[in-house]
Amino acid sequence: MLNFLKILATPEFFYSIIRISAPILFATLAAIVVEKAGFSNIGLEGLMMFSALAGSLVSYYTKTWYFGLLAALATGVLMSLIMGFFAFKLKTDIILVGVAVNMMGSGGTLFLCKVITNLTQGKAMASTTGLITKSLCIPDISIPLLHQIPFLGAVFSGHNLLTYLAFLFCLLTSVMLYKTPLGLNIRAVGENPNAASSVGVSVLRIKYTAMAFSGLMSGFGGAFMSMAYAQGWSLDMVSGRGFIALAAQAMGGGECLGGMLSALVFGFAQALGIKFSAIGLDSNLASPIPYAVTIIGLVIFAIVRNNKIKRQHSAAALAKSEAK
Amino acid sequence: MPDGNSAARDEYVVQMKKITKVYSNGVAANQEVDFNLHRGEIHALMGENGAGKSTLMKMLFGLEQPTSGEIVVNGEVLHLTSPSVAISHGIGMVHQHFMLVPSLSVAENMVLGMVPQKSGLFIDKAKAIEITKEYSERFNLHVEPEAKVMDIPVGMKQKVEILKALVRGAKILIMDEPTAVLTSQETAELFVELKNLKKQGYTIVFISHKLNEIMEITDRLTIMRRGRSMGVYNTKDVTKEEISRLMVGRDVVLSVQKDKANPGETVLRVRDLEYVNEWNKKMLDKISFDVRRGEILGIAGVEGNGQKELVDMLFNFNTPNSGTATVNNVSILGLPQQKIRELGVSLVPEDRMIYGIAAGASIEENVISDRSADKRFNKGPLFNMKAIHDEADRLIREYTVLCKSRRQHVGMLSGGNIQKVVVAREFSSNPVLILADQPTRGIDVGATEFIRKKLVELSRSGIAVLLVSADLNEVMELSDSLIVMHNGRIAAYFEDTAGLTDEMMGEYMLGLKEQSKEEVRRVCHDEKTPA
Numbered sequence: 001m002l003n004f005l006k007i008l009a010t011p012e013f014f015y016s017i018i019r020i021s022a023p024i025l026f027a028t029l030a031a032i033v034v035e036k037a038g039f040s041n042i043g044l045e046g047l048m049m050f051s052a053l054a055g056s057l058v059s060y061y062t063k064t065w066y067f068g069l070l071a072a073l074a075t076g077v078l079m080s081l082i083m084g085f086f087a088f089k090l091k092t093d094i095i096l097v098g099v100a101v102n103m104m105g106s107g108g109t110l111f112l113c114k115v116i117t118n119l120t121q122g123k124a125m126a127s128t129t130g131l132i133t134k135s136l137c138i139p140d141i142s143i144p145l146l147h148q149i150p151f152l153g154a155v156f157s158g159h160n161l162l163t164y165l166a167f168l169f170c171l172l173t174s175v176m177l178y179k180t181p182l183g184l185n186i187r188a189v190g191e192n193p194n195a196a197s198s199v200g201v202s203v204l205r206i207k208y209t210a211m212a213f214s215g216l217m218s219g220f221g222g223a224f225m226s227m228a229y230a231q232g233w234s235l236d237m238v239s240g241r242g243f244i245a246l247a248a249q250a251m252g253g254g255e256c257l258g259g260m261l262s263a264l265v266f267g268f269a270q271a272l273g274i275k276f277s278a279i280g281l282d283s284n285l286a287s288p289i290p291y292a293v294t295i296i297g298l299v300i301f302a303i304v305r306n307n308k309i310k311r312q313h314s315a316a317a318l319a320k321s322e323a324k
Numbered sequence: 325m326p327d328g329n330s331a332a333r334d335e336y337v338v339q340m341k342k343i344t345k346v347y348s349n350g351v352a353a354n355q356e357v358d359f360n361l362h363r364g365e366i367h368a369l370m371g372e373n374g375a376g377k378s379t380l381m382k383m384l385f386g387l388e389q390p391t392s393g394e395i396v397v398n399g400e401v402l403h404l405t406s407p408s409v410a411i412s413h414g415i416g417m418v419h420q421h422f423m424l425v426p427s428l429s430v431a432e433n434m435v436l437g438m439v440p441q442k443s444g445l446f447i448d449k450a451k452a453i454e455i456t457k458e459y460s461e462r463f464n465l466h467v468e469p470e471a472k473v474m475d476i477p478v479g480m481k482q483k484v485e486i487l488k489a490l491v492r493g494a495k496i497l498i499m500d501e502p503t504a505v506l507t508s509q510e511t512a513e514l515f516v517e518l519k520n521l522k523k524q525g526y527t528i529v530f531i532s533h534k535l536n537e538i539m540e541i542t543d544r545l546t547i548m549r550r551g552r553s554m555g556v557y558n559t560k561d562v563t564k565e566e567i568s569r570l571m572v573g574r575d576v577v578l579s580v581q582k583d584k585a586n587p588g589e590t591v592l593r594v595r596d597l598e599y600v601n602e603w604n605k606k607m608l609d610k611i612s613f614d615v616r617r618g619e620i621l622g623i624a625g626v627e628g629n630g631q632k633e634l635v636d637m638l639f640n641f642n643t644p645n646s647g648t649a650t651v652n653n654v655s656i657l658g659l660p661q662q663k664i665r666e667l668g669v670s671l672v673p674e675d676r677m678i679y680g681i682a683a684g685a686s687i688e689e690n691v692i693s694d695r696s697a698d699k700r701f702n703k704g705p706l707f708n709m710k711a712i713h714d715e716a717d718r719l720i721r722e723y724t725v726l727c728k729s730r731r732q733h734v735g736m737l738s739g740g741n742i743q744k745v746v747v748a749r750e751f752s753s754n755p756v757l758i759l760a761d762q763p764t765r766g767i768d769v770g771a772t773e774f775i776r777k778k779l780v781e782l783s784r785s786g787i788a789v790l791l792v793s794a795d796l797n798e799v800m801e802l803s804d805s806l807i808v809m810h811n812g813r814i815a816a817y818f819e820d821t822a823g824l825t826d827e828m829m830g831e832y833m834l835g836l837k838e839q840s841k842e843e844v845r846r847v848c849h850d851e852k853t854p855a
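Chains P and V supply the protein sequences, listed in that same order. For the first sequence, our numbering begins at 1 and goes up steadily by one. For the second sequence, our numbering begins at 325 and goes up steadily by one.
If you're looking for bench data, these hints aren't it; they were derived computationally from the structure. Be a bit skeptical, because a hint or two may be false.
Unchecked claim - Away from chain P, derived, C-beta distances all over 10 Å, residues of chain V:
| no. | residue |
| --- | --- |
| 1 | L424 |
| 2 | L445 |
| 3 | T511 |
Said to hold, decoys possible - Under the rule of at most 16 Å between Cα atoms (straight-line distance), these lysine to aspartate or glutamate pairs were calculated in the EDC-like manner:
| no. | chain 1 | residue 1 | chain 2 | residue 2 |
| --- | --- | --- | --- | --- |
| 4 | P | K123 | V | E470 |
| 5 | P | K179 | V | E851 |
| 6 | V | K841 | V | E851 |
Beta carbons: idealized from backbone N, C-alpha and C, even for Gly.
Same shape as in the complex, but just chain V (with noise of 0.2 Å):
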């Protein structure tokens, strides 16, 4: 690219110096991260979700700007203010929920914004379509121009994505988890086309947690973890257990005091589950476990791996499509939320916002939500709104709720005491199984303190607990035995966690090892036969 204003050419086409990003509510996403690019090389950005690689993407695009630190494209300070700005500068971006009008054809998606015009008032169809077989054949990205939009394959979208930046005159080109929504064959079809790129000196950026792919394709890698940079490394030169060892880890471990598990019978049976999406990605790939009385059972994974799926599946959000699964022998699947409820079944949601809460009603009203139709808090036709008072009273000092009084609006509390209400009210109706979905993601270090004890307390009284968790801290903390997820699948078990290294787990959270059926197979206690 020629660089007009600057004599001394430098050797990077992108410095991100020292970038720091605190948002407005203090989170820190990027801390001193310094990020650069060599003119036609493909860069992989890699770290796990949260760990602030799309917050540096978005500052380079122009969605965010940083709270400190400067960004030099070509020789030159810029201040990316916007999207429009990024692209002046030669920077596209592809984003993984494609930026495209459905209805449109792809020729129209190309132009949209910069539409070529004849007798200064019609758009020039013809010449929109010659501007998207041009670009179309020029990169070998095969699309048909006239075709609409919605009636293309997600492979095709994608191609026209990016042809739609360059046809802005990217240069640079930031494509976020590319892969994520592709076959393995468009997979592979997208490579070659980034390649050939490549080589006509177009720099990309290849947004990934897939070890595989970036062995593959990238010559140099950065990678991420909680919003600092761990390095840049040449991708010849580092071995996937390093990068998988770079990338998962643990900090500050805060140690939960727990006695010894002493599982008793089967509370969950999940057998064979299966689930197939509806962009025909396999999410559940025959998964089978058992959880038992007095134990907690921990899935560990990077996200994406299924887990999310699996807990849908457990309290009845979605259906899977073929499999199993019990709770004290009857079966859950396809059950309304409510008989789950009454089997015993506690859900402290990933969601909490959406699932957990209804942030316009009180404390009270949302820790009986579950249990208004209880004949304690029912006095004829009417609540009995002194037992309701009393209730809540209690939950709120029992699970330490810092709040004005039960009267306040759930939405009006910090995160941490606002999954405290969810915790109240999920660990207190007398569940014999909880199903425990990221229980302290976002949350200050008292709560999720609290909320860890709570959970050891509660399976040492006897009752069932699964738990998932992204993050490997917690789920290697308090879990007694442990399933790694990838895939789909469950790569891994671990009937005790003592012993468990970060390394031993990232291998098997990303990939690189799985255990034998056989081994998986021992987490379903009630299929082992005296040998």
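Isolated chain P, as found in the complex (with noise of 0.2 Å):
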């Protein structure tokens, strides 16, 4: 048991939570600012693999790392868009948006890739993976001073420039939503839209905003996935990540400080999985962790939550039976 703790114990271990976290941290936030704007895009996983494609595509025909990122980034909001334009003007429910979404992204990158690689390589390709190389990912960024500090130099140093910008859109993103107008009306339109139009704030824009906004976020995470988790994009590649972000939204309460402590729960789930079947252990074992964490985490969260509604509800209780 020691022993093992002593494996935990590494600044790798620690180095990786925080690199696993980065990806599921991104879809959280996407997942928190629709579900303020009062709606679920459960359609993060597909936005993510099509993000994730058209990144390390991008990338090597341009032979331009930003370039790949940017491309990833437009996917995101133009298909996040899209999906609101279905479910708001053609009134399509959104959850089978949604579905469908992630059902392309599943299939529907495939067959791009393959039909795109089939024409500017001359064969069908089932994954980027031998066409990204290193200078065509998106670079790591080593911290001057902070690198040369033991122990926490080697885990919060090196990162990939990605992994640093979801931790700073996690604050960012609380911040748009309790500190500026935008997030004022998000929230709004979210708890009562009514209200929000009578005084003169447009629902649908405001809704296709946060479309948009999660759109972003899911292009970042899928970026992240084919040029800084891997080299290239694969086929179903993000592997449930837009799921886990869904679970890590409710989890975190809905704000942001929760989904990102969330996201490091999960992170932390996935590294142990790893390590698990790094150290010989049988990979039946270790891959149902990270679920089973999510179960108990959600659990954990419940549970708080109930106690809160129902201290609140004595409270009221007795505050009314003293006003008697």
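Could you fit the two chains together into a complex? Lean on the hints.
Put into structure tokens, the structure is as follows:
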């Protein structure tokens, strides 16, 4: 047991938690903002798949990683706006739109990948891992001074640019939601659209904005997957992070800080799973760990919330009886 | 208010001329209504539910557009196409259901849609609080700027709504039944505030049907009845009796032939029913009455005086705080609806689309929905379709439901025919007691007459009928004896409806008069002690 803890208490392990959490955090922020605006985008998984493919392909063809990143972001935003069009304008159930995007994100991306590589490379490829080299990926950043500090340097320095951006965006999203007029409008629309529209806030525009934001975050998440986490796109590479993000949103109580902590918990669980397989534990035993942690996390969250509601109720009842 | 465009200052701030509103379904909610407001007055807009007050005010606030007629504000003919247009011309509305975002603070709600910013990006919270405080003090409307709206009492929420309108530049405030949700103390406070606003030159439209409040606070009043204006009066020149006569009245009288009732033993016995709703308002205050075999007991009253709650209790859609209700000496309070039906109680619900039918199911499925477990309609584990078809066809014929076939979806029928489907099911289940809640609301004359005749026929065959109706005509024509409800109490009991006039009814319905406890207690027939 002690031996085992020794393995976990390495800077590499903490480094991997942060690294693994980053794409989940991007998607969690996407989920948080649309939930604040009063609806759910369960299509994050599919959005990330498309963004990941677009990022790696454009990066390869332009030989410039930041064009790839921009393409990933544009893909996420554009597709989320199309989702919004189907949901808000054509009145399709937004859950069904999300399901459709997720299904396309699996089969559709493979199809696109094969078609595009067939046209340009002369052979249909099932992934872009053969095309992407380290230089086409988004660079890692070594933070001056910090990287020299023992342990801490190894944990916090040398991460990918997008990893730092993920945590920066966590802060920025919180500021956007609570300190800017846009955030106020988003929260108002999510809670009482009639009240918002009665004072001239365009409910539709706010919903599209929230949708676009979720697309932008999915774009970052997708780019991270194909241009930082792995070198190149491959089938189903997002592997459930879009769904885990929905759980992280709920577990974090719909707030940015809570969402970040939840994303880290999931990151920890995945890192643990990887570590277990690395030390020779059967992968069939190691792979369910992240899911078990998800369930345990949600149960704890539900218990905490119920207790809070109970406390509030009894406090209200007490206030009432005292008033009498 | 400065009037830039026209040199001629009009005496009126608002003139609505010959306003007619016909909805796409053909209902005429307003017909050639004239309505005007003096600057700086409190003007009551009165009328029963469905009289067209709300429609008229929705048009003034830009939520709806008139079919014909024109609206002149400060001498300028306006096309009020949306609330924002109305607000930009100084017209604000305080809705009965507050338009507030619960988790935001009072100040945030105040500035929503017009948020003050600092550094071009962030919300200037200090400024929002300052604006809220400034308006709060100027109009003497006390609110807590930093409290969350979900934590403040109803009275303060209303003040926030008023301030929201004022901060957007409203000079004319439309208040839709503002006292409906307030306690008497909060109401008194509101009146002080409204008078204060009036003093500062604001014009207020006060929608209400509470006579005392109107006499206390308004300068003039417009009375509406069935989509038409019954005239404009100076409040001090009219009596409550006159107002009630103008508000409550009947049009065409459809007369239904009926013999004199010959009531038998008591079927439904209600004693001391009390109910306090979630806002701590007493909706039912010791309601007691009996309904006997072979009689129709009518319940009249302006809507919102406890009738809906009473029916809800009797069919277990809600639970009373205390009291009893029995059908043939079996308690029905808290029983599952199926058990209540097994005791022989039928319900023609007020909201037929929600409680009366399943719109997506066929006529056949709807008429057998309460008797699907009946042996007659089952063969082993399966339905006996032949028997079901026969029953459906029989009911469609007997109740003259106009339809293509028994397979037609009920939702596709007209309102009158939908109600006939409801009635066909409820009247044909061999009931001992029929609860008929607004049985002919919003349906055509033919269906109305049919249902009324059927009710009389059934009562004469020995069924007890409790008829709740806001339609004075209906309740006076059909009932053998009559209860008037006001403010959750039985204000009057008339053993015989003959000789009753609209004026008398109006006085009880609006709370000008109330019978003594002993007089009301006569409706508890069992308790009559030989003198």
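Results for each hint:
Annotated as non-interface, L424 (chain V) brings its C-beta within 10 Å of a C-beta of chain P; the closest such distance is 6 Å. A cut-off of 10 Å between C-beta atoms contradicts the statement that L445 (chain V) is not in contact with chain P; the least separation is 6 Å. Listed as a non-interface residue, T511 (chain V) keeps its Cβ farther than 10 Å from every Cβ of chain P; the least gap is roughly 19 Å. Restraint check for K123 (chain P) and E470 (chain V): not satisfied, since their Cα atoms lie roughly 65 Å apart, outside the 16 Å limit.
Of the supplied pair hints, the one linking K179 (chain P) and E851 (chain V) is violated, its CA atoms being roughly 68 Å apart against a limit of 16 Å. Restraint check for K841 (chain V) and E851 (chain V): satisfied, since their Cα atoms lie roughly 13 Å apart, inside the 16 Å limit.
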